[in-house]
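Trainee: Throw the hints in and build the complete structure from the sequences for me.
Using the working numbering, read the sequence shown as starting at -2 and increasing by one per residue.
A few of these clues could be false.
Claimed, not checked - Label-pair restraints from in silico Cβ distances: (1) Lys35 - Phe3: 29 to 37 Å; (2) Lys35 - Gln5: 40 to 48 Å; (3) Lys35 - Asp2: 49 to 57 Å; (4) Asp29 - Ile8: 48 to 56 Å; (5) Phe11 - Leu31: 27 to 35 Å; (6) Val10 - Leu31: 43 to 51 Å; (7) Leu4 - Cys34: 39 to 47 Å; (8) Phe30 - Val10: 38 to 46 Å; (9) Ala28 - Ile8: 28 to 36 Å.
Treat the hints as calculated values from the structure; they're not laboratory data. All of these numbers come straight from a predicted model, not from anything done at the bench. Beta carbons are placed, not taken as given, at the ideal position from N, Cα and C, and that holds for glycine.
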Amino acid sequence: MVKRDFLQPMIEVFLVLAIATSFIGFVLGVADFLADCK
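Mentor: Structure, rendered in structure tokens:
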């Protein structure tokens, strides 16, 4: 159980970072696409 308690916060941090970077990349991609459309 010690390993599980150690890994849980690391997994949560990784998931939050993965979602955040995906969202940032999506926003930048859409902004670039809209800029190219003009």
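Trainee: Hint says 49 to 57 Å; check whether the CB-CB distance for Lys35 and Asp2 agrees.
Mentor: Holds - the Cβ-Cβ distance for Lys35 and Asp2, about 52 Å, lies within 49 to 57 Å.
Trainee: Note whether the CB distance of Lys35 and Phe3 lies within 29 to 37 Å or breaks it.
Mentor: violated, 50 Å
Trainee: So the hint says 28 to 36 Å: do the beta-carbon atoms of Ala28 and Ile8 match that?
Mentor: holds, 31 Å
Trainee: Assuming the hint says 27 to 35 Å, is it satisfied by the Cβ distance from Phe11 to Leu31 or not?
Mentor: holds, 31 Å
Trainee: Could you see if the CB distance from Asp29 to Ile8 stays within 48 to 56 Å?
Mentor: Violated, since Asp29 and Ile8 (Cβ atoms, about 32 Å apart) do not stay within the stated range.
Trainee: Is the distance from the Cβ of Phe30 to the Cβ of Val10 consistent with 38 to 46 Å?
Mentor: The hinted range 38 to 46 Å is violated for Phe30 and Val10, with Cβ atoms some 30 Å apart.
Trainee: A range of 40 to 48 Å was offered for this pair. Does it hold for the Cβ distance of Lys35 and Gln5?
Mentor: Once the Cβ atoms are compared, 46 Å apart, the range 40 to 48 Å for Gln5 and Lys35 holds.
Trainee: Taking 43 to 51 Å as the stated bounds, is the beta-carbon spacing between Val10 and Leu31 within them?
Mentor: violated, 32 Å
Trainee: CB of Leu4 to CB of Cys34, is that within 39 to 47 Å?
Mentor: holds, 44 Å
When each numbered hint is compared with the structure, violations occur for hints 1, 4, 6, 8.
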